[in-house]
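A.B. asks: Listed here are the chains, written in short residue letters.
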Amino acid sequence: MTRQLLEVSQLHRAFGGLVAVSELSFHVTDGEVVSIIGPNGAGKTTAFNLITGVYPPTGGSIHFRGSQVSGMALHKVTDLGIGRTFQNLRIFPNLTVRDNVLVGMTRKNKASMLTACLRLPAFGREEARLNAEADRLIDLLELRQVESQLARNLPYGNQRRVEIARALASDPALLLLDEPAAGMNPAEIEELNNLIRRLRDEFGKTILIVEHHMSLVMEISDRIIVMDQGRKIAEGTPSEVRESPLVVRAYLGAGMV
Amino acid sequence: MDLFLQVLVNGFAVGGTYALGAVGISLVFGVLNIINFGQGATYTVAAYVGMLLMMLTGANVLVAFVGGVAAAFIVGYITERIAVRPLRNQPLQMSLITTMGFGLIAENLVQFIFGPQTQPLSADLSSSVYSIGPVTITNWEIVTLAVVVLATGTLHFVLSRTSFGSAVRAVAEDRRAAVLLGIDVNRLIIVTFCIAAAMGGVAGVLGAALYNAIYPTMGSLSLTKAFAASVLGGMEQVGGAIVGGLILGVAESATAVYISSAWRDAIAFALLVGVLVAMPTGLLGRRDLDKVERTNLSVFPLPPVPRLDLRRMSIWLPVLIALLLPLVINDNYYMRILTIMLMSGMIALSLNLVAGFAGLFSLGHAAFYGFGAYASAILSTQLGLPVWLSITGSILLTGAFGVVFAWPIMRLRGHYVTMATFGLSGLSWMIMLNWIDLTRGPMGIRAIPAPEFFGETFGATGFYYLILAFLLISTGIVLALLNSPFGRAIRAMRDDELGVASVGQDTRVLKMQVFALSAAIAGGAGAFWAHYVSYISPDSFTPIVSISFLAMVVFGGLGSVPGAIFGGAALAALPEILRFASEYRLAIYGLILILVVLYRPQGLLGMRHIAPDARIRKGQPASNKAREEAA
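Listed in order, the protein sequences are those of chains S and X. The first sequence lines up with residues 1 to 257 when you count with my numbering. The second sequence lines up with residues 1 to 631 when you count with my numbering.
For the record, the hints were derived by calculation from the structure and aren't laboratory data. Take these hints with a grain of salt, some might be off.
Listed next, the stretches of chain S that the computed footprint assigns to chain X, with coverage defined by at least 3 CB atoms under 8 Å from CB atoms of chain X [stated by the list, open to error]:
no. : stretch
1   : 103 to 113
2   : 117 to 125
Distance condition first, Cα-Cα at most 20 Å in a straight line; then the derived SDA-like pairs of lysine to any residue [claimed, not checked]:
no. : chain 1 : residue 1 : chain 2 : residue 2
3   : S       : K110      : S       : G71
4   : S       : K110      : X       : D506
5   : S       : K205      : S       : A173
6   : S       : K108      : X       : L433
7   : S       : K76       : X       : A480
8   : S       : K76       : S       : G66
9   : S       : K110      : X       : A480
10  : S       : K108      : X       : A480
11  : S       : K76       : X       : Q513
12  : S       : K110      : X       : Q513
13  : S       : K76       : S       : T96
14  : S       : K76       : X       : R508
15  : S       : K108      : X       : L498
16  : S       : K205      : S       : T29
17  : S       : K108      : X       : Q513
18  : S       : K110      : X       : M410
19  : S       : K205      : S       : D171
For each residue, glycine too, the CB sits at the ideal point set by N, CA and C.
With the hints as extra help, turn the sequences into a complete structure.
C.D. replies: Dropping the structure here:
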């Protein structure tokens, strides 16, 4: 059996008396696109926040590439190779698009503060290298035309793309996208669909998505995990999930079945 | 044991007045999520109006009390209308500056009218002492305790049992929802503000009666105590503020008895820092610090960071003028002003790095400035190191001190950073005052040697060129770093800390780095100052000085490098320009701060920002963040 890229087992998180995530176990294999779906308040974003260390779990374990990451701080988790975007956008509104992407590469910078102060040649080379890499991401996300604008001045769909570019800038093996299609129009969603495929096929990224937009989820997912009230209630290929009575009940209520 | 009981009784009486002040701070913080730095004015005004009334009506204490509290109520009303309400759509820190300005004006006016000296509340204020078992208690302590119980009891009743009280709690919980429910939020806020001010007024009159002494700066001191008590109790918790006030009172009275009365006033600062480090939510605070998030400065776009392009004229022109000035000016007095202007520019530059770029609204820079000055003075006088070595050593030491300083605030955000740094600044000042073996305490350090250059001792022109060199080097370093990955990361941190962490950057490390750099620059300015004036004392490094540094940055423009230098230079020159009006100097200072924030919040050289509300009305795209802040 191959070792999973991400292995979540018996994950638990309570906020005071409210149990947000309970007995959640799943895995993500290298090269997969996996979606987590479920009604509002099902614990999907909480699961993301637990995986990336925004807050620690109250129980269970998370392994990434075989090493334990649960309870680790967000920046350390990112360092290990998990990148993410946020449900309610956490781009840097007062930085240009290019600077947003460059901040994503902060950890890759090898020039010290001293070389930066003295403007030594090493600093110039390093900046050129980072900028070249930023160029590739800016082209990939089709942000070329707006690269020197402040992120705050972009339309919502573009801001989402900036955040994805920033997450990619840290070279994650696993990319977590929290509702990437929220606020996007159908054309933009189509582009997102293509982008996710390209990320998997051309760039070898493994992708875990929380998303409400069902047609997108059904099209791009290799597997779907369905959550309700903090628990996993179903898992399978898109067609399996579509047929599952439990899923229908969670979404439409018991009376409809 | 008897002594302890006595400590407890005295502590409760004094602590009761702190509790009232803290309740005022907490009420306003709860409803508006701002820190009212102007509350000190309510104490002072109430006490002086009380004194005046007693003089006029012949020691009718009750009239004096009611009159004083009414005056405080009016102060609260004016503060809200002038310094708070116009700023509803500004970052929350802006009202910190305006309320501070308002406090300065009030304090200055009182000082102008009544003089700076300490005077009795009333010459014939009767006081008697009662013995209850082993404990003695004065009639004013009894009155204080009674009034505190009565006032807080009434407030508790109003907040928990009346419809006004539930409206207050609704607004504190969610202002937008309260508006939708038809609550007249503006009216409610101003009433709350006035009640808070009245609480401050009660504390002011009681405090004055307790010691039978009033002085114009009594408000600033009491304000510090109110902050500490409020933070200890959990900031927005009225009940917590009362508990916090009583604890602070007892702690102070115990310190005075068991340790030394010199350290008494350090307790408030120490508590402020200690509580924020160990348990930022305070004793009775709620677990989450969500409200703090709304103090984000990201509604202010930063002006573009000037590129470090040495071929550009715009960089060299001011340098050239600065280099040539001494050839034109032969007057030592003007050279002195210019030197002080450059030094202030350097300090403002350093603070701007932290406050403007990294978004950490620090009120602690007097500590760095003072640390640099003391370090270099001690190294050169007590250890006899050569001056140049002392200055270099002092810069490095202050940088290290910056890391130590940043450690307690690494987890904090928004107002809590401001409060913690204010506490640290106060604590540093207390140490300068009281660690007499090292700093010679209030006497200060004399005969600090001037540096030499090839055997020549520095004169007025020499010092001018020295500080110019310091300023140019630090500006160069700041510009170089702002145009580097480090600079991008700290600007990003100002917008969104979680976002920075999500790309693998530890924000705690960033904060330490930016504080170290900033402290080193401010420390350099301090070291310069020590050798320039050859005499330093703790007076130059009080928390009020920290406030004036922040004022310089806001005046010039948060996040603008030329703005900060200009702001520092301009506000440093102001006292000299206003020499003809030296008695109202602080008031004019306060007025300028209010006017700048009201009419040009981005500072004189900062970039115009669009209020988030206006953006949404105009149908422009606004990020989620901006929308949240519009609330």
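A.B. asks: Verify the proposed pairing of K76 (chain S) with Q513 (chain X), using a straight-line Cα cut of 20 Å.
C.D. replies: holds (18 Å)
A.B. asks: Take a quick look at whether K110 (chain S) and Q513 (chain X) sit within 20 Å of each other, Cα to Cα.
C.D. replies: holds (16 Å)
A.B. asks: Does the alpha-carbon distance linking K205 (chain S) and D171 (chain S) stay inside the 20 Å limit?
C.D. replies: holds (9 Å)
A.B. asks: Given the hint that K76 (chain S) pairs with R508 (chain X), does the C-alpha gap stay at or below 20 Å?
C.D. replies: Given that 20 Å is the threshold and the Cα spacing comes to 12 Å, the pair holds.
A.B. asks: Are the Cα atoms of K110 (chain S) and A480 (chain X) separated by 20 Å or less?
C.D. replies: holds (16 Å)
A.B. asks: Check the hint pairing K205 (chain S) with A173 (chain S) against an upper bound of 20 Å on the C-alpha distance.
C.D. replies: Holds, at roughly 6 Å.
A.B. asks: At a Cβ distance under 8 Å, does chain X reach at least three residues of the stretch 117 to 125 of chain S?
C.D. replies: It holds: at least three residues are needed, and the stretch 117 to 125 of chain S offers 4 whose Cβ sits within less than 8 Å of chain X.
A.B. asks: Verify this for me: three or more residues of the stretch 103 to 113 of chain S with a beta carbon less than 8 Å from a beta carbon of chain X.
C.D. replies: holds (count 8)
A.B. asks: Run the distance test for K110 (chain S) versus M410 (chain X): straight-line Cα separation, threshold 20 Å.
C.D. replies: Given pair K110 (chain S), M410 (chain X) is violated - Cα atoms ~25 Å apart, limit 20 Å.
A.B. asks: With the threshold set at 20 Å, check whether the alpha-carbon distance from K110 (chain S) to D506 (chain X) stays at or below it.
C.D. replies: holds (16 Å)
A.B. asks: Is it true that the CA of K108 (chain S) sits at most 20 Å from the CA of L433 (chain X)?
C.D. replies: violated (46 Å)
A.B. asks: Would the hint linking K76 (chain S) and T96 (chain S) be met if the CA-CA limit is 20 Å?
C.D. replies: violated (26 Å)
Hint violations for this structure: numbers 3, 6, 7, 13, 18, all remaining hints satisfied.
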